[in-house]
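Please construct the entire structure, taking both the sequences and the accompanying hints into account.
Chains as they are written, first to last, in my numbering: chain A, 1 to 432; chain B, 1001 to 1329; chain C, 2001 to 2187.
Be aware that one or more of the hints could be misleading.
[Claimed, not checked] Using 20 Å as the maximum straight-line C-alpha spacing, the simulated EDC-like pairs for lysine to aspartate or glutamate come out as follows:
| hint | chain 1 | residue 1 | chain 2 | residue 2 |
| --- | --- | --- | --- | --- |
| 1 | B | K1048 | C | E2004 |
| 2 | A | K187 | B | E1236 |
| 3 | B | K1077 | C | D2076 |
| 4 | B | K1189 | B | D1217 |
| 5 | B | K1100 | A | E219 |
| 6 | B | K1047 | C | E2090 |
| 7 | B | K1048 | C | D2122 |
| 8 | C | K2030 | C | D2075 |
| 9 | A | K187 | B | E1164 |
| 10 | B | K1015 | C | D2076 |
| 11 | B | K1039 | B | E1022 |
| 12 | B | K1077 | C | D2075 |
| 13 | C | K2166 | C | E2059 |
| 14 | A | K6 | A | E48 |
| 15 | A | K183 | B | E1240 |
| 16 | B | K1048 | C | E2090 |
| 17 | A | K237 | A | E219 |
| 18 | B | K1015 | B | E1107 |
| 19 | B | K1048 | C | E2059 |
| 20 | B | K1047 | C | D2118 |
| 21 | A | K32 | A | E48 |
| 22 | A | K203 | B | E1240 |
It should be emphasised that the hints constitute simulated quantities derived from the structure, not laboratory data. Nothing here was measured: the structure is a model prediction, and the numbers come from that model.
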Amino acid sequence: MRIVIKGGNVADFKNWDFKPKDILVSDGIITKIADNISDKADKIISAEGLYVLPGFIDMHAHFLEPGREDEEDFHSGSLSAIKGGFTTVCVMPNTQPAIDNPGMVRYICKRSNEVNLIDILPVGAITKGRQGKELTEMARMREAGCVGFSDDGNWVEDSLLMRRALEYSLMLDTIIIQHCEDKSLTKNGEMNEGTYSVMLGLKGMPATAEIVAIKRDLELAELSNARLHITHLSTKKGLEEIKTAKERGLKVTVDTCPHYLILNEQAIGSYNTNAKVNPPLRTENDRKALISGLSSGIIDCISTDHAPHSPEEKDCEFASAEFGIIGLETAFVIGWKLVMQELIDPLRLIASFSLNPAKILGLNDRGEIKEGMRADVVIFNPKVKWEYTSGEIISRSRNTPFLGWQFEGRIRDVIAGGKLVMENFKHKEEET
Amino acid sequence: MPESLLDKQVKWSRKHLLGLQELEKEEIEYILELAQAFKEISTRPIKKVPALRGKTVVLLFFEPSTRTKMSFELAAKRLSADTVSFAVSTSSVQKGENLKDTARNIEAMSVDIIVIRHSASGAPHYLSRCVSAGVINAGDGIHEHPTQALLDMFTILENKGRIEGLKVGIVGDIVHSRVARSNIYGLKKLGAEVILCGPSTMLLSEFQNLGVKICYDLKEVLAEVDVLNVLRIQRERINENLLPSIAEYREFFGIDRKKLLKYARPGLLILHPGPVNRGIELSTDILDSGLEEKGICSLVLNQVTNGLAVRMAVLYLIAGAGGKIEDSN
Amino acid sequence: MVREKAKLLDANQMHRTLRRLSHEIIERNKNLNELAIVGIRTRGVYLASRIRNNIKEIEGIELPFGVLDITLYRDDLTLIAEQPQVKGTELNFDLNEKNIILVDDVLFTGRTVRCALDELIDFGRPKAIQLAVLIDRGHRELPIRADYVGKNIPTSLDEFVEVRVKEIDGEDEVVLLEMTDARKSSG
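Here it is, written out as structure tokens:
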């Protein structure tokens, strides 16, 4: 399909600016970018006064195929991603069964092609069953299509095993994505440890659990000279450790999630299970530090850690509720709130959703609006006001703390791999 | 209606009693004042008033309890309410039914008040969002046990005449204690100074942010306080490496004759929420007879009596709150 | 809005009426040693106290005295918008075989007295219960009648009779009030 996008303000990372340009998309590629395109096209989209951005890339999400398709599957997950402007989503291996062998990797790739909406890329497990005992066949899995490796949900506790994983990843030119949490310190924990957890009578998960894990992993990354990516950073001190490591020249990258940038532990209020997440929401100081870290570039990108849960897993007393919140649909607009509060430069935000994750994952064909790149394009209307009501939720699950939030700015159109999958705020699928 | 004809003021409008943290000072004082009137009922030949006649009170106890459950049951019965008791070991929860469904099923039988004790902090808050009955928290996890703190304060008031300006010590496993938290909130609202005492593993420094003092030395605390609330120590804490042994706890934090004689102020009141581990946190002789030489009383049984009066007051208020139509005389 | 329509009794008249009631009680009860006086909270208590003092002055006998709070016996607790104050009952003598003089300020629907009767009987088995009221304003909803009435005042349902006592209201008087806006109560 040939699509021309006319008159939009196109994100230009080279000049760090927005330039009004027309874009021509054909055969799944961005074919031409010019001041005025008058080529024939099957569809012409007017983007006057709107932002034209590279399709967003989520390094960390959970689509629960196989195992919990009732909570989310690749189809509902894709639709949810599209609503949020995501055209590439990396899915974590904590499925049932886990993605810990080449066969499962191929299954993910196959399913992504079948659903044929966005590009769903598998992250393979580091250890078999994510048990932290034996390495997976990382080379074969890489060959089968993994973009990285993670035991997400678990931290690789055994330092020697972690060292081996890092060393092995070196030859595969891939990244180890680490969920940093010393579980012995967070046993039975329900929220961030502090005055608030004392008041609510909930078992605390101290920031220290994340920090000691980060410190160990940074040391091992230095030792092995491998590429380490720390995911869902939630603490100020963790950020400081990573900053120092980067200054020392370590090959470490880091992402955080929108909820850590906009909420703090008080969002739990009167035991709201939709604020129960791991790592937990932290203090206001942590939140402010993370915003600062994103703004200054220490934090490379934003991931959603989109974690769908069925009502049985969330509609209960706090202690019994599962950790996790969905986030694909609200991620960018939450970031945009920070832009409007002038806490972060708009291009910096956009880069953290596109250019940077593409670089980290080694996806050379996307992340920028450039001729020859994959046609992953998002058109964003910064003015439209909307409320995230229950009816707006696209995901199969509804566990979000942002229900009822007012947003200014909304993704209007999405082109994924050259296909127009959302037009005028509506998924194209609905029309068929 | 003209005010003088009514002779009453609106002091309680809450549908639930979930904790003391959210209550105003005046609301707490109101409950204590009301409890005074209810105490008299248990001294009559017919220990019953028809105030809650026709109301159904369900006791939903997911954690074992003898005295609190019995206290609430008796309080409800003395107000002429019908009571139904739900003990988790014999219930459908064993078959995997969750809290929400349990509550909904009970409510489908039109009950007015649910008294809940649960091991998860926040369970009563969650329950109050699921049902339309009034909810009373009889202890949720390590969060709050409001009626216990109320009866503790009632007992202190009865014996000391005031709470404002008093120094109240709480000794024991503070970090795991809902009784401690509720007492902290209640006592502070009424103007007392609260000092927490216990092993440093059980006494997080964050408690200071609640406006209380912390002290690891029982001797110092005994020398300062007018009232001492002694908490129960659980043996499980040894398995969690919070305590090396019961013996060590007894030696440094157990209340006994020797320590009281040497360090305590005369006239000290001793409270304990029960059940008491005799000879561990509180010695048998002190529990049963206090320390005469120093005028130190053990008020544990008074607490039980007062618990009944306080719970009657609370049931009365929760049953009435949410009433609609104008007064008729 | 409420306005005072008329003054039914001033302080002197009130005292005389109470005095007359006291005499009537003495006259009709052969054995004064069997008597006990119980006032219904709140103003009934003050009136009862005065009658008791009168009887002491006249006959030299100090009768046992009790205070009844009928709040917990009301049948309309959940219909009320505001929580009534429970101040407590004090009946520290043995009711059995006693002739109780129950005292209230105003007799209206009779429901308050019905509560009082229920409560008294929960305390024991009095030999008899007689009712003394300062004002009877009519509109009974239950078959209750007073044995001793200070004054009969026919009223309409928009009106109120308010008995005021020095101890609480600053002066002794009985006034007739009426509602002047749409918010008129029934019964």
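Cross-check of the supplied hints:
Proximity of K1048 of chain B to E2004 of chain C is assessed by CA-CA distance (about 40 Å); at most 20 Å being required, the pair is judged violated. For the hint linking K187 of chain A to E1236 of chain B, the alpha-carbon distance of about 16 Å falls within 20 Å, and the restraint holds. Simply put, K1077 of chain B and D2076 of chain C have alpha-carbon atoms about 19 Å apart, close enough for the 20 Å limit, and the pair holds. Distance hint between K1189 of chain B and D1217 of chain B is unfulfilled; the C-alpha atoms sit about 26 Å from each other, more than 20 Å.
Distance check on the hinted pair: K1100 of chain B and E219 of chain A sit about 47 Å apart at the alpha-carbon level, beyond 20 Å; violated. This hinted pair checks out: K1047 of chain B and E2090 of chain C have alpha carbons roughly 14 Å apart, not beyond 20 Å. Straight-line distance between C-alpha atoms of K1048 of chain B and D2122 of chain C comes to about 8 Å, which keeps the hinted pair within the 20 Å bound. Between K2030 of chain C and D2075 of chain C the CA atoms are separated by roughly 36 Å; this puts the pair beyond 20 Å, and the hint is violated.
Taken as a hint, the K187 of chain A and E1164 of chain B pair is broken in the structure, with Cα atoms around 40 Å apart against an allowance of 20 Å. Among the hinted pairs, K1015 of chain B with D2076 of chain C is consistent with the structure: their alpha-carbon atoms are about 18 Å apart, no more than 20 Å. Under the criterion of a C-alpha separation no larger than 20 Å, the hint pairing K1039 of chain B with E1022 of chain B is inconsistent with the structure, at around 25 Å. Distance check on the hinted pair: K1077 of chain B and D2075 of chain C sit about 17 Å apart at the alpha-carbon level, within 20 Å; holds.
Using a Cα cut-off of 20 Å, the hinted pair K2166 of chain C and E2059 of chain C is violated, with the two alpha carbons roughly 25 Å apart. A C-alpha spacing of about 7 Å is found between K6 of chain A and E48 of chain A, which places the hinted pair at or below 20 Å, so the restraint holds. Straight-line distance between C-alpha atoms of K183 of chain A and E1240 of chain B comes to about 15 Å, which keeps the hinted pair within the 20 Å bound. Using a Cα cut-off of 20 Å, the hinted pair K1048 of chain B and E2090 of chain C holds, with the two alpha carbons roughly 15 Å apart.
The suggested pairing of K237 of chain A with E219 of chain A holds, with an alpha-carbon distance near 16 Å, which does not exceed 20 Å. For the hint linking K1015 of chain B to E1107 of chain B, the alpha-carbon distance of about 16 Å falls within 20 Å, and the restraint holds. Restraint check: the Cα-Cα separation between K1048 of chain B and E2059 of chain C comes to about 37 Å, which exceeds 20 Å; the hinted pair is violated. For the given pair, K1047 of chain B sits about 13 Å from D2118 of chain C by alpha-carbon distance, which is consistent with the 20 Å threshold.
Proposed proximity of K32 of chain A and E48 of chain A is supported: the alpha carbons are some 18 Å apart, at most 20 Å. For the hint linking K203 of chain A to E1240 of chain B, the alpha-carbon distance of about 14 Å falls within 20 Å, and the restraint holds.
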